[in-house]
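Engineer: Using the hints provided, position chain B relative to the given structure of chain A.
Here's the letter readout for the chains.
There are 2 protein chains.
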Amino acid sequence: MTARIIDFLNTRRPDGPCLVVDLDVVRENYLTFAHALPDTRIFYAVKANPAPEVLALLASLGSNFDCASVAEIDMALAAGATPDRISYGNTIKKERDIAAAFARGIDLYSVDCEAEVEKVARAAPGVRVFCRILCDGAGAEWPLSRKFGCEPEMAIGVLEHAQALGLRAYGISFHVGSQQGNTEAWDGALASAAGIFHTLAERGIQLGMVNLGGGFPTKYLKDIPGVENYASSIDAALKRHFGNRIPETIIEPGRGMVGNAGIIKSEVVLISKKSADDEVRWVYLDIGKFGGLAETMDESIRYPIRTSHDGDAKTPCILAGPTCDSADVLYEKAPYELPVTLSIGDEVLIEGTGAYTTTYSAVAFNGFQPLASYII
Amino acid sequence: MTARIIDFLNTRRPDGPCLVVDLDVVRENYLTFAHALPDTRIFYAVKANPAPEVLALLASLGSNFDCASVAEIDMALAAGATPDRISYGNTIKKERDIAAAFARGIDLYSVDCEAEVEKVARAAPGVRVFCRILCDGAGAEWPLSRKFGCEPEMAIGVLEHAQALGLRAYGISFHVGSQQGNTEAWDGALASAAGIFHTLAERGIQLGMVNLGGGFPTKYLKDIPGVENYASSIDAALKRHFGNRIPETIIEPGRGMVGNAGIIKSEVVLISKKSADDEVRWVYLDIGKFGGLAETMDESIRYPIRTSHDGDAKTPCILAGPTCDSADVLYEKAPYELPVTLSIGDEVLIEGTGAYTTTYSAVAFNGFQPLASYII
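So the sequences go chain by chain: A and B.
Quick note, the first sequence lines up with residues 1 to 376 if you use this note's numbering.
Quick note, the second sequence lines up with residues 377 to 752 if you use this note's numbering.
Chain A extracted, bound-state conformation:
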């Protein structure tokens, strides 16, 4: 919650739900990462919030960009990043998209299997690749599946295959899970990475880089460790596993860069009970799972919600979105405490919504417009 956002909402009074992002907070987050991890290059995860103003600010501050598609690469280029500051970080790429990235000068690609290496070797000869390894994700609030990465033993073969096909086997990446609350979560993956570096060195392949991924949390309801805590834990783990041969490192913050910079303004559309003796109220907002709050899936991310009645007594509510979809319920298994004085028509502010909201928004489900966004 920043004074600039409150002032914007009071002055502009936009109709309908909207996200407002304060660029001053994004700047502060970038500088905090850069200060805490001075030897690490920052690749902003564009997918978290690709608003042109956010990308332009980060480009001007010196950030690099982790892109998931050719469209995101084009956005990063348009924001002023040069191709050497962009990685194509999706392990799942069409060969023609790899060719399009190569034509734009992109030199750094993510892989996690031999088939992907072969596509990169054909479509982007000679570029650098890093292999993503699996990580268990314990401690993360957003579920981490086995979708990306391979077992560390397999990564050795993947990178040997890359080198054999004329690519440059450049490093290892992993992801400790989004909204990771455990500052020690990087240790196990760094141990695996060091083992791969060692094995490949014995086979004549010198890796140079470890991509530490994202996972840096933003503050929702619970307090989170500061970036400096993550930095010192990662620094200690790097020294523990790599000794005096610390590789180049990069990080890919997304949520940690923009999450706390944004607030969604919403409106209470209806408050009701299902029977006279119902103990919880149903509170329906004008934004839900399909309007930008997709990360409430399985009630994973629990956003702080401010109302003008905060301070009044609270009772448990089931919180739901405005669409005619019975699955469009935000919090029900663990009801959300809201003021008893909350009324239909009241404005509510949903904090920590700068990341993973606008782009998740459905194009027009139930005829509702996608989430509007103002970058100030």
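It should be emphasised that the hints constitute simulated quantities derived from the structure, not laboratory data.
Bear in mind that the values here come from a model prediction, so they are computed numbers and not experimental data.
Errors might be hidden in some of the hints.
To be verified - Sample of chain A residues with no beta-carbon within 10 angstroms of chain B, all distances over it, derived:
| hint | residue |
| --- | --- |
| 1 | Leu31 |
| 2 | Glu202 |
| 3 | Gly204 |
Unchecked claim - One side only, chain B facing chain A, incomplete, derived with CB under 7 angstroms:
| hint | residue |
| --- | --- |
| 4 | Ile468 |
| 5 | Leu520 |
| 6 | Cys526 |
| 7 | Gln582 |
| 8 | Val644 |
| 9 | Ser648 |
| 10 | Lys650 |
| 11 | Ser702 |
| 12 | Tyr707 |
| 13 | Tyr736 |
| 14 | Ser737 |
| 15 | Ala738 |
| 16 | Phe741 |
| 17 | Phe744 |
To be verified - Restraint-style ranges between C-beta atoms, simulated for each label pair:
| hint | chain 1 | residue 1 | chain 2 | residue 2 | range |
| --- | --- | --- | --- | --- | --- |
| 18 | B | Gly481 | A | Gly105 | 53 to 61 angstroms |
| 19 | B | Gly584 | A | Ala138 | 54 to 62 angstroms |
| 20 | A | Arg306 | B | Gly481 | 33 to 41 angstroms |
Quick reminder that beta carbons are idealized off the backbone N, C-alpha and C, glycines included.
Structural biologist: Okay, now just chain B, sitting in the frame of chain A:
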């Protein structure tokens, strides 16, 4: 799978994932409903697929329209429906949206609590309202929550309140759950509805209508009962509970009207394993949970998938989408059997995708375009 769709795909060869909808199938579905339920008015659930061509066809056939928002009302009007053929079927409406619908001449509104009745009474004086009651949804494949509707006992008070505020207490609605496989699912709710009719009649309020909702399935992997089976079961339940005073009835098919009219064309982007001894393959498509296949949430809807290798031996696969989101996995708990000969770059056809796909698509998650749609 229709010859027209196959011909379209072979001739046009669109790049990227897309939905193709065959209007001949929509016409056939409409006529099947109209024939099986000759005394029931059909209100197409616009949210299932609001493509202008679909709405225009249904309007020309005589369909009415169940709309979830003012934007959907405007689409139905633009397609040629008059206001008397449109209901505002969302129980969660902003008062200013009710006023906008009233200004367009809409006379039929859904409610499920007294607070919503009060909004309608203020913003749309004198209109007809129906009260939605809860239904357990047993037998449905898409989860039905308690989000919409109230307990039948409460509906009596809601409709009395409506009448007292100058509205016309017009009927009862319920929803037996989407993709409902049990043709008898309507019986319990019709018993409740008849009870409410009876109680209100004793209090001097004559209800006239039962809205039987949607729930009519489309064929995915399993065979489904024909519409005529649903019709005869509903007819018997109406007679059982209403005797010789059968009310006006309406249905709101969405999935049952357009689901089997559409096919999504997709492409295999990657096939991989996570370790040398992995027993399942990971198959990554260029469409996933955020590109239109949102109904794979919790693996609820299981689409039939056709490949050019059908007939070859099959092995279990984990099916996932193309985004950098670990939650973008379609089928994993119950892996999907696909041909061992399936290769990267192969086209796959996902059947039964005419409903609840395009509008669920995210605006630009990971930079991917929303699902393209061709109505032929």
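Engineer: Now tell me, hint by hint, if it's right for this structure.
Structural biologist: Status of each hint after checking the structure:
No beta-carbon of chain B is positioned within 10 angstroms of the beta-carbon of A:Leu31; the least distance is around 25 angstroms. Once the 10 angstroms rule is applied to beta carbons, A:Glu202 is consistent with being away from chain B; the minimum gap is 20 angstroms. No Cβ of chain B approaches the Cβ of A:Gly204 within 10 angstroms, the least distance being about 22 angstroms, so the stated non-interface status holds. The beta carbon of B:Ile468 comes within 5 angstroms of a beta carbon in chain A, closer than 7 angstroms, and the hint placing it at the interface holds.
The criterion of a C-beta within 7 angstroms of any C-beta in chain A is met by B:Leu520, whose closest approach is roughly 5 angstroms, and the hint holds. Hint status for B:Cys526: holds, given a least beta-carbon distance of 5 angstroms to chain A, under 7 angstroms. For B:Gln582, the suggested interface contact is broken, since its CB lies about 25 angstroms from the closest CB of chain A, more than 7 angstroms. Taking 7 angstroms as the C-beta cut-off, the interface hint given for B:Val644 is violated, the closest approach to chain A being about 10 angstroms.
Contact between B:Ser648 and chain A, as hinted, is supported at the beta carbon level, the nearest pair being about 4 angstroms apart and thus within 7 angstroms. Checking B:Lys650 against chain A by beta carbon gives a least distance of about 5 angstroms; that is within 7 angstroms, so the hint holds. At about 4 angstroms, the closest approach between the beta carbon of B:Ser702 and any beta carbon in chain A falls short of 7 angstroms, and the interface hint on this residue holds. With a least beta-carbon distance of about 12 angstroms to chain A, the hint placing B:Tyr707 at the interface is violated under the 7 angstroms criterion.
Checking B:Tyr736 against chain A by beta carbon gives a least distance of about 5 angstroms; that is within 7 angstroms, so the hint holds. Checking B:Ser737 against chain A: minimum C-beta separation of about 5 angstroms stays under 7 angstroms; hint holds. For B:Ala738, the shortest C-beta to C-beta distance to chain A is roughly 5 angstroms, which falls under 7 angstroms, so the interface hint holds. Checking B:Phe741 against chain A: minimum C-beta separation of about 5 angstroms stays under 7 angstroms; hint holds.
Restraint check, B:Phe744 versus chain A: the minimum CB separation of about 6 angstroms is within 7 angstroms; hint holds. For the pair B:Gly481 and A:Gly105, the beta carbons lie near 58 angstroms from each other, so the given range of 53 to 61 angstroms is met. Checking the proposed 54 to 62 angstroms range against B:Gly584 and A:Ala138 shows it holds: the Cβ atoms sit about 59 angstroms from each other. A beta carbon spacing of about 39 angstroms between A:Arg306 and B:Gly481 agrees with the range 33 to 41 angstroms that was offered as a hint.
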